[in-house]
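Counting in the working numbering, the sequence shown runs from 150 upward without gaps.
Do not rely on the hints blindly, as some may be mistaken.
With a straight-line Cα cutoff of 25 Å, these simulated DMTMM-like cross-link-like pairs (lysine to aspartate or glutamate) come out [said to hold, decoys possible]:
{"id": "1", "residue 1": "218", "residue 2": "247"}
{"id": "2", "residue 1": "218", "residue 2": "234"}
{"id": "3", "residue 1": "218", "residue 2": "181"}
{"id": "4", "residue 1": "217", "residue 2": "173"}
{"id": "5", "residue 1": "217", "residue 2": "416"}
{"id": "6", "residue 1": "217", "residue 2": "198"}
It should be emphasised that the hints constitute simulated quantities derived from the structure, not laboratory data. The structure presented is a predicted model; accordingly, all values stated were derived computationally and were not measured.
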Amino acid sequence: MAAFLCVGIVASASAATITAPRIENVNHAAADSAFFTATTTNTPLAASDGWAPIASTQAGAVSTTTTKKSFSIVGDSTAAGNWVDGNGVPAGISLTFDAQFTVGVAPSSPAGSLLTHAASVGNGVGIVQMAGATGELDGNEGLGVSAVTVSNVVFSGSLTDPNFNFTPGTVSGFGTRVLRSSTFLEGSEGLVLTQGADTLGFGTATGTLGSNLIIDNNFGPPPGTATSSIFARQTGPYTLAMTAGTAPLKGIGFGYDVVYEINAVPEPAGLALAALGCLGLAGARSRRR
Numbered sequence: 150m151a152a153f154l155c156v157g158i159v160a161s162a163s164a165a166t167i168t169a170p171r172i173e174n175v176n177h178a179a180a181d182s183a184f185f186t187a188t189t190t191n192t193p194l195a196a197s198d199g200w201a202p203i204a205s206t207q208a209g210a211v212s213t214t215t216t217k218k219s220f221s222i223v224g225d226s227t228a229a230g231n232w233v234d235g236n237g238v239p240a241g242i243s244l245t246f247d248a249q250f251t252v253g254v255a256p257s258s259p260a261g262s263l264l265t266h267a268a269s270v271g272n273g274v275g276i277v278q279m280a281g282a283t284g285e286l287d288g289n290e291g292l293g294v295s296a297v298t299v300s301n302v303v304f305s306g307s308l309t310d311p312n313f314n315f316t317p318g319t320v321s322g323f324g325t326r327v328l329r330s331s332t333f334l335e336g337s338e339g340l341v342l343t344q345g346a347d348t349l350g351f352g353t354a355t356g357t358l359g360s361n362l363i364i365d366n367n368f369g370p371p372p373g374t375a376t377s378s379i380f381a382r383q384t385g386p387y388t389l390a391m392t393a394g395t396a397p398l399k400g401i402g403f404g405y406d407v408v409y410e411i412n413a414v415p416e417p418a419g420l421a422l423a424a425l426g427c428l429g430l431a432g433a434r435s436r437r438r
């Protein structure tokens, strides 16, 4: 019994839980959209980097849209990068999973509101009160964004590096980290993100977690440039409400974590010493008897 206990302790001593952060951007453009399958004039829209509504969804005709993506990641991370280099999945391992969330008209919007796109299709998502119309987000309108649901998580394959063992984990922590708009003007327009009691203020708006943040036509830095503000992940559900001006929402940038366990394979010399130690413990136990 003592010998088995000793080996168990040695084997588990080098285990490490790896949390590899990942970024995923969800976008609307002139020819492809994560939120609609067709424009207000019924021109088809392609999926956007794998994101597409789960059902036929025409702009200007619906109050909610649920978008989904099936991920397939072939690992390329290594021990040299502490397993968080590359794409965050170890070389030799493949990760597949599904993610989906819903965007809809917030309850604070006028009755009968519908999701649509701007007059220039690629500018982004807006709200209207007339079927088939185009528009942006006005001061009395808002969007509701659900939490992201992750399902069907599967790790497959074998670790390429022979010096380590791999234990599958999960995908967690999906949350919004940046917003994108094609026309938002920080000097005269305002938007508030509200999640529970927490708020983030963009442009002229203030919030409990941040104020006067930037929403540009991108998903964040390169460093040193005046681009969209990165903020702590908001896992949802939350609302986005215009407080001043008019602007469309072009995209939502998410962060999430790939989590798994890596165990170093003990060196042969270490195993031999551990075995001797365990035998010693077993012998001492036997002599005491």
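Check your understanding: Looking back at the hints listed earlier, which ones does the structure fail to meet?
Key -> Of the numbered hints given earlier, the structure breaks just one, which is hint 5.
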